[in-house]
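All chains should be built: construct the whole structure from the sequences, respecting the hints.
Letter by letter, the chains look like this.
Protein chains: 2
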Amino acid sequence: MYLGIDLGGTHIAAGLVNEEGKLLKKVSCSNLINKTYKEYVKNMADLCKKILDEEGMAISQIKSVGIGIPGTPNNTMGTVTCNSSIKLDDAPIREEFQKYYNIEVNVENDANCAALAEAVAGAAKDVDHSVTITLGTGIGVGIVINKKVYSGFNYAGAEAGHIVIVTDGEKCPCGRSGCWEAYSSAPALIREAKKLLQSNENKDSLILKMANGDLSRIDGRIIFEASKQGDKIAKEVIDKYAKYLSEGVANIINVLMPEVFVIGGGISRQGDYLLDMIRSRVYEKIYTKSEPKTVIKVAELGVDAGLIGAAMLGK
Amino acid sequence: MYLGIDLGGTHIAAGLVNEEGKLLKKVSCSNLINKTYKEYVKNMADLCKKILDEEGMAISQIKSVGIGIPGTPNNTMGTVTCNSSIKLDDAPIREEFQKYYNIEVNVENDANCAALAEAVAGAAKDVDHSVTITLGTGIGVGIVINKKVYSGFNYAGAEAGHIVIVTDGEKCPCGRSGCWEAYSSAPALIREAKKLLQSNENKDSLILKMANGDLSRIDGRIIFEASKQGDKIAKEVIDKYAKYLSEGVANIINVLMPEVFVIGGGISRQGDYLLDMIRSRVYEKIYTKSEPKTVIKVAELGVDAGLIGAAMLGK
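So the sequence lines, in the order shown, correspond to chains R and C. In terms of the numbering used here, the first sequence has 257 at position 257, counting the first letter as 1, and numbering is strictly consecutive. In terms of the numbering used here, the second sequence has 287 at position 287, counting the first letter as 1, and numbering is strictly consecutive.
Heads up, some of the hints might be wrong.
The list treats identical chains as one, so a pair stands whether inside a single copy or across any two.
Stated by the list, open to error - Here are the simulated DSS-like cross-link-like pairs (lysine-lysine), alpha carbons at most 30 Å apart as the crow flies:
{"id": "1", "residue 1": "K203", "residue 2": "K232"}
{"id": "2", "residue 1": "K171", "residue 2": "K235"}
{"id": "3", "residue 1": "K171", "residue 2": "K289"}
{"id": "4", "residue 1": "K315", "residue 2": "K147"}
{"id": "5", "residue 1": "K147", "residue 2": "K228"}
{"id": "6", "residue 1": "K285", "residue 2": "K194"}
{"id": "7", "residue 1": "K147", "residue 2": "K293"}
{"id": "8", "residue 1": "K315", "residue 2": "K148"}
{"id": "9", "residue 1": "K289", "residue 2": "K87"}
{"id": "10", "residue 1": "K195", "residue 2": "K171"}
{"id": "11", "residue 1": "K125", "residue 2": "K148"}
{"id": "12", "residue 1": "K293", "residue 2": "K315"}
{"id": "13", "residue 1": "K285", "residue 2": "K148"}
{"id": "14", "residue 1": "K289", "residue 2": "K38"}
{"id": "15", "residue 1": "K87", "residue 2": "K285"}
{"id": "16", "residue 1": "K285", "residue 2": "K171"}
{"id": "17", "residue 1": "K171", "residue 2": "K243"}
{"id": "18", "residue 1": "K293", "residue 2": "K87"}
{"id": "19", "residue 1": "K240", "residue 2": "K171"}
{"id": "20", "residue 1": "K228", "residue 2": "K285"}
{"id": "21", "residue 1": "K243", "residue 2": "K125"}
{"id": "22", "residue 1": "K38", "residue 2": "K293"}
{"id": "23", "residue 1": "K285", "residue 2": "K195"}
{"id": "24", "residue 1": "K148", "residue 2": "K297"}
Treat the hints as calculated values from the structure; they're not laboratory data.
Structure follows, in structure tokens:
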């Protein structure tokens, strides 16, 4: 048995996961930002204690604990640097956690954890090499090679949301211009919709009706729903979104040629409506025209992918 | 001891390589295009025989033979598909070679071979994870993870010359628009110079003088030489070239985070004059600002990288 922990901006979740990557129990608590690393770790240890107590288990029955974080881990040192709503600077997470439980502790980036989860127990479980992207406020990317996370010599790899697909294009928070993330994240989708809706001739778009005329209420789901109902503006926005998303997917396939490419995150709930648009574009763009080709699939583990993957780090 | 073979468009080269990746002997013959795979393999076997005869060695003293080809190999089947000046369609190279010598035969893409060579005996020999690019008529890219070539589930990977860095940009022979290769190959450099030199106000550029006024004689070396001598047009061309080359290098570093990134091929002979421009731009662009960072180096093995790497496939 393994324990996995997902340290998020609003919640910390912990789960008991078996050897096959099946989540057997999950607990969570709300997470306040601007805590110290010691407070985060205390919360994590409390969640683990809760699982052990409720299951009547001892820590000796757990092989290892994995912690997924939205930042850059150093799994040699057991330290973590985050620069999102959670701020950590080389925080000694492993050492601190081991004050509560003397057990193997692994730290890993949350997108890499999600990729490992899909590789062990989700959409890529039948193959050795896979890539999983998580479409959300950014694009998280995880590379799995031979069923192990690959993140480069300094654990900072698979930041493929920050490959430039439009040189000198849209500004990205990372400092570059034209990153894939700046075109294919949920905020990018909403930005493009708002751009078109600012024109008077587009004021009768279904998107605006569904958002009760309030631009600030537009989200990805509304845009997709309006597109499915035939709204011209929504279709135009989704078409452009699919185009740029496909450029990035094709780029990664050309570099890494995974057997399965998994698309997760909120937008992936659109399922085949989105994926069919991506597949047709990507198969036109990739370098290798012969069979077998990379299979593009929707993620299967949803919001639990992060903690399942964290648990599987010690497998 | 190993034998490595580099099947090129104009020459076939073969070499005797030791365990450390040192090339001990090299022979070659000219290669006519439009041959059958049987003729290519006969030439390869003849070169190997020449090495063995001249060294007084028996094939039993050779651990394996590796063949680098400018196409897509399938090392499970021992077959090769090429669609360059050499045309091969699923040609059973291994089976054919084993008619001459009953020995382990590996087939691999030539850019992947070059990357393996640099990883075993060249610029990346001290690290586990490296990427090597070869700047030529295209961009060849090879990924080495834990000292082994990584080319994906179907051997078609590391075609990173075909990551789009300018969506809807310059047409690429691969069918996409805006590929890195379409901006950072030698022909791309020359194309940009010619564009500027077509304007009358640029007719006094040193590039044209060095090419004796003949646009068709412009090559990469001339453009770099003119730039070093202060020519304004050449500087502008090189600056643009370095910009796009850096976008691709930074993209690959963000995805794979190799410990060493090696730049080889003809243009890399410009050494630090080019690399200093690349380094300053790339370190601004990569996602990870903390140390340690990927080190960017010039390739060390030159034109022999392909056959050294081919030999090392069996190591």
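Now the hints, each set against the structure:
Taking identical chains as interchangeable, the C-alpha atoms of K203 and K232 lie at most 30 Å apart only when both belong to the same chain, with a minimum of 12 Å there against 50 Å between chains. For the homomeric pair K171 and K235, the shortest alpha-carbon distances inside one copy (24 Å) and between copies (27 Å) are both at most 30 Å. Taking identical chains as interchangeable, the C-alpha atoms of K171 and K289 lie at most 30 Å apart only when they sit on different chains, with a minimum of 18 Å there against 33 Å within one chain. When the C-alpha separation of K315 and K147 is checked against a cutoff of 30 Å, the pair qualifies both within a copy, at 10 Å, and between copies, at 23 Å.
Taking CA atoms no more than 30 Å apart as the test, K147 paired with K228 passes in neither setting, with 37 Å inside one copy and 49 Å between copies. Within a single copy, K285 and K194 get their C-alpha atoms as close as 29 Å, and across copies as close as 29 Å, so both meet the 30 Å cut-off. Taking CA atoms no more than 30 Å apart as the test, K147 paired with K293 passes in both settings, with 19 Å inside one copy and 26 Å between copies. Taking the shortest alpha-carbon separations for K315 and K148, both the intra-copy value of 9 Å and the inter-copy value of 23 Å come in at or below 30 Å.
For the homomeric pair K289 and K87, the shortest alpha-carbon distance between copies (15 Å) is at most 30 Å, but the shortest distance inside one copy (45 Å) is not. For the identical chains of this complex, K195 and K171 are neighbours both inside a copy (16 Å) and across copies (29 Å), given an alpha-carbon limit of 30 Å. In this assembly of identical chains, K125 and K148 lie within 30 Å of each other by CA distance both inside one copy and across copies; the values are 12 Å within and 24 Å between. In this homomeric assembly, K293 and K315 come within 30 Å of each other (Cα to Cα) both inside a single copy, at 29 Å, and across copies, at 29 Å.
With identical chains, the CA atoms of K285 and K148 are at most 30 Å apart both within one copy (28 Å) and between copies (27 Å). Proximity of K289 to K38 under the C-alpha cut-off of 30 Å is restricted to the inter-copy arrangement: shortest distance 25 Å between copies versus 52 Å within a copy. Taking the shortest alpha-carbon separations for K87 and K285, only the inter-copy value of 22 Å comes in at or below 30 Å, while the best intra-copy value is 39 Å. Taking the closest pair of Cα atoms, K285 and K171 come within 30 Å of each other both inside a single copy (25 Å) and across two copies (12 Å).
In this assembly of identical chains, the alpha carbons of K171 and K243 lie at most 30 Å apart whether taken from the same copy (18 Å) or from different copies (17 Å). Proximity of K293 and K87 under a CA criterion of 30 Å is satisfied inter-copy only: 21 Å between copies versus 40 Å inside one chain copy. In the homo-oligomer, the alpha carbons of K240 and K171 lie at most 30 Å apart both inside one protomer (17 Å) and across protomers (20 Å), since each shortest distance falls under that limit. Within a single copy, K228 and K285 get their C-alpha atoms as close as 25 Å, which meets the 30 Å cut-off; across copies the closest is 38 Å, which misses it.
In this homomeric assembly, K243 and K125 come within 30 Å of each other (Cα to Cα) only inside a single copy, at 28 Å, whereas the closest approach across copies is 40 Å. Taking the shortest alpha-carbon separations for K38 and K293, only the inter-copy value of 28 Å comes in at or below 30 Å, while the best intra-copy value is 46 Å. Within a single copy, K285 and K195 get their C-alpha atoms as close as 28 Å, and across copies as close as 27 Å, so both meet the 30 Å cut-off. In this assembly of identical chains, K148 and K297 lie within 30 Å of each other by CA distance both inside one copy and across copies; the values are 19 Å within and 28 Å between.
Comparing the model with each earlier hint shows a violation of hint 5 alone; every other hint is respected.
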